[in-house]
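As given, the protein sequences belong to chains A and B, one line each in that order. Here the first sequence is numbered in my numbering, starting from 1 and rising by one per residue. Here the second sequence is numbered in my numbering, starting from 1001 and rising by one per residue.
Careful: at least some of the hints might be erroneous.
Beyond 12 angstroms from chain B on every Cβ pair, some chain A residues (computed) [as the list claims (entries may be wrong)]:
| hint | residue |
| --- | --- |
| 1 | Asn10 |
| 2 | Pro20 |
| 3 | Arg29 |
| 4 | Thr35 |
| 5 | Asp54 |
| 6 | Ala80 |
| 7 | Glu84 |
| 8 | Val95 |
| 9 | Asn110 |
| 10 | Arg127 |
| 11 | Arg136 |
| 12 | Gly139 |
| 13 | Asp152 |
| 14 | Asn156 |
Output of the computed footprint for chain A on chain B, the stretches with three or more beta carbons under 8 angstroms from beta carbons of chain A [what the hints assert, rightly or not]:
| hint | stretch |
| --- | --- |
| 15 | 1026-1034 |
| 16 | 1092-1104 |
Below 16 angstroms or equal to it, Euclidean Cα-Cα: the simulated EDC-like pairs (lysine to aspartate or glutamate) are [claimed, not checked]:
| hint | chain 1 | residue 1 | chain 2 | residue 2 |
| --- | --- | --- | --- | --- |
| 17 | B | Lys1256 | B | Glu1224 |
| 18 | B | Lys1189 | B | Asp1054 |
| 19 | B | Lys1028 | A | Asp45 |
| 20 | B | Lys1255 | B | Asp1223 |
| 21 | B | Lys1132 | B | Glu1045 |
| 22 | B | Lys1042 | B | Glu1003 |
| 23 | A | Lys128 | B | Asp1178 |
| 24 | A | Lys120 | A | Glu145 |
| 25 | B | Lys1189 | B | Asp1120 |
| 26 | B | Lys1028 | A | Asp26 |
| 27 | B | Lys1028 | A | Glu19 |
| 28 | A | Lys90 | A | Glu153 |
| 29 | B | Lys1041 | B | Glu1072 |
| 30 | A | Lys128 | B | Glu1175 |
| 31 | A | Lys2 | A | Glu19 |
These are computed hints drawn from the structure, not numbers from a lab. As the structure is a prediction and not an experimental result, all values here were calculated from the model. Glycine is no exception: its CB is placed at the ideal position from the N, C-alpha and C atoms.
The chain contents come next:
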Amino acid sequence: MKKLITLTVNGEDYELAVEPNTPLVDVIRHEIGLTGTKKGCGIGDCGACTVLMDGVPVFSCLVLAVEAQGHDILTIEGVADGLELHPVQKAFVEVGAIQCGFCTPGMVLNSLALLKRNPKPTEAEIRKALSGNLCRCTGYQKITEAVLTAADEMANTEDKSGGTK
Amino acid sequence: MLEAVSVLQSTPGAIPYAGGTDILVRMKQGIIAPQMLVDLKKVPEMQDVTPIGDYGIKIGAMTTLSELVENELIRQRSPALSQAAATMACEQVRNRGTLGGNLANASPSADTAPALIVLDTEIEYFSGEAMKKIPIADFFTGPGETVMKPGDLLVSITIPDIARKAHYIKQTLREAMDIAAVGVCLSMKIHGELSSRLVLGAVAPTPIRVPAAEALIDKGKIDEAAEEAARAAAPIDDVRSSAEYRRAVIAPLVKKAYQIVF
Ligand SMILES: Cc1cc2nc3c(=O)[nH]c(=O)nc-3n(C[C@H](O)[C@H](O)[C@H](O)COP(=O)(O)OP(=O)(O)OC[C@H]3O[C@@H](n4cnc5c(N)ncnc54)[C@H](O)[C@@H]3O)c2cc1C
Ligand code: FES
Ligand code: FES
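Given the sequences, and given the hints that come with them, work out the whole structure.
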């Protein structure tokens, strides 16, 4: 039996009828139509489905849509400010941390949460924080560099702009 | 909590649902097909972390693995538990997975179990119509099995008010995101006699204590204790490693744990 729920994704409310056993990732992709969130394995092994729930990274394949009610969900579509990319996104592009791009949304969101907790992470801390996000293409070095670059960039612009979100 | 219990007891195929990081994987893999998931996230009795005396602590079953890593009180009073939780899974799973779920799931390689066993932890669970309290060493009865019956709920765990130093070593094949091939956890009392506790994970159907090795450690015979521990294990071959490998790494890991704790 379907349940009526309201999900808050990237600041917008969506009223949806979902089966109680539907994972959040399926609702984000198929009901809401935000396909930036990827689904690789569906069982917590790849990290492609990472979204932020109240600022905290979770696997949206291991959260039920009904559980996400009442929480703020941020997907990759909500990271940029209009056409202005977030410093983390910019750094991924500039450093060349993206090849096929399948892991990128999850990597960016998890990096964002890391930089919020720890604005000056070491390389080891970055690798540890991103250990749940697999990348078949880049070998992780560029991704680590991108996060370091973003951390510097965000530290530099903080006082000018009051920080991005 | 009584509400959750009554739904669980009256609904066929209903199971408790904590962080879902074990349940949703097993549903997806077709291993289980529960008729109803009873979400425990708002059960008040399962939430709190409270100090007991100078060294003890009571931790609610719904405490997340991330909280085990970050909570100041837990870090101070049971650092081995925080340290064990930090070895588990990854950020995203730790943010959802819970202590109660890890224990109730009763995997032989569950990382929170050895640290709690060496601290003489007690488990409080609701069974039938009453709360029960048992030593965690008696809680696990087999792979995926505990003394709890369908409809029972794990409510909290209590680490007694006794100062112990402990350390957990998780031997894995990959550096991150891996289940223990072997877990070794050792504790010793800080005041008075050592009365050490040694627990091995992932080498038998449940985490096991090795009393014979503990007695040897108390006498300072660490080499013999390490051999004894290796003999006590009943490891199996599986996708993660061979029984032979598991047995071979136990003795050196016990010695390493001893050096760290002593
Ligand atoms: C990618 C990945 C990596 C992982 N790595 C590790 C690891 O390194 N080490 C490790 O030990 N585990 C690991 N796990 C397993 C899992 O994350 C942990 O066991 C976690 O602690 C389970 O907690 P949960 O709250 O998600 O449990 P759930 O999935 O909600 O529940 C698990 C079981 O316990 C029962 N249950 C839950 N709470 C209660 C309660 N209060 N009373 C009675 N029954 C209850 C449920 O009915 C179910 O049978 C991993 C899982 C994934 C997906
Ligand atoms: S799709 Fe969720 S972790 Fe792979
Ligand atoms: S860029 Fe292809 S998976 Fe990471």
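| task | Run the C-beta distances from A/Glu84 to all of chain B and say if the shortest one exceeds 12 angstroms. | result | Nearest chain B Cβ is 27 angstroms from A/Glu84, so the label holds.
| said: The output says A/Gly139 does not contact chain B. Does that hold with a beta carbon cutoff of 12 angstroms? | reply: Nearest chain B Cβ is 14 angstroms from A/Gly139, so the label holds.
| message | Just want to verify: A/Arg136 was marked as not at the interface with chain B; is every Cβ pair farther apart than 12 angstroms? | response | 15 angstroms, holds
| request: Could you grab the alpha-carbon distance between A/Lys90 and A/Glu153 and see if it respects the 16 angstroms cut-off? | output: With Cα atoms ~10 angstroms apart, A/Lys90 and A/Glu153 stay inside 16 angstroms; holds.
| task | Run the C-beta distances from A/Asp54 to all of chain B and say if the shortest one exceeds 12 angstroms. | result | For A/Asp54, whose nearest Cβ neighbour in chain B is about 10 angstroms away, the distance does not exceed 12 angstroms, so it is violated.
| message | Would the hint linking B/Lys1255 and B/Asp1223 be met if the CA-CA limit is 16 angstroms? | response | OK: B/Lys1255 and B/Asp1223 at ~7 angstroms, within 16 angstroms.
| Is the nearest Cβ of chain B still more than 12 angstroms from the Cβ of A/Asn110? | 7 angstroms, violated
| query | B/Lys1041 and B/Glu1072: Cα distance at most 16 angstroms? | reply | Between B/Lys1041 and B/Glu1072 the Cα gap is close to 22 angstroms, so the pair fails against 16 angstroms, i.e. violated.
| query | Do the alpha carbons of B/Lys1189 and B/Asp1120 lie within 16 angstroms of each other, as the hint requires? | reply | 11 angstroms, holds
| task | Mind verifying the non-interface call on A/Arg29? Its CB should be farther than 12 angstroms from each CB in chain B. | result | The claim stands: A/Arg29 keeps its Cβ more than 12 angstroms from every Cβ of chain B (closest is about 16 angstroms).
| said: Hint check: B/Lys1132 vs B/Glu1045, CA-CA at most 16 angstroms. Holds or violated? | reply: Holds. B/Lys1132 to B/Glu1045 sits at ~14 angstroms (cutoff 16 angstroms).
| request: For the pair we were handed, B/Lys1028 and A/Glu19, check the Cα-Cα distance against 16 angstroms. | output: OK: B/Lys1028 and A/Glu19 at ~15 angstroms, within 16 angstroms.
Of the hints listed earlier, those the structure fails to meet are numbers 2, 5, 9, 10, 29, in rising order.
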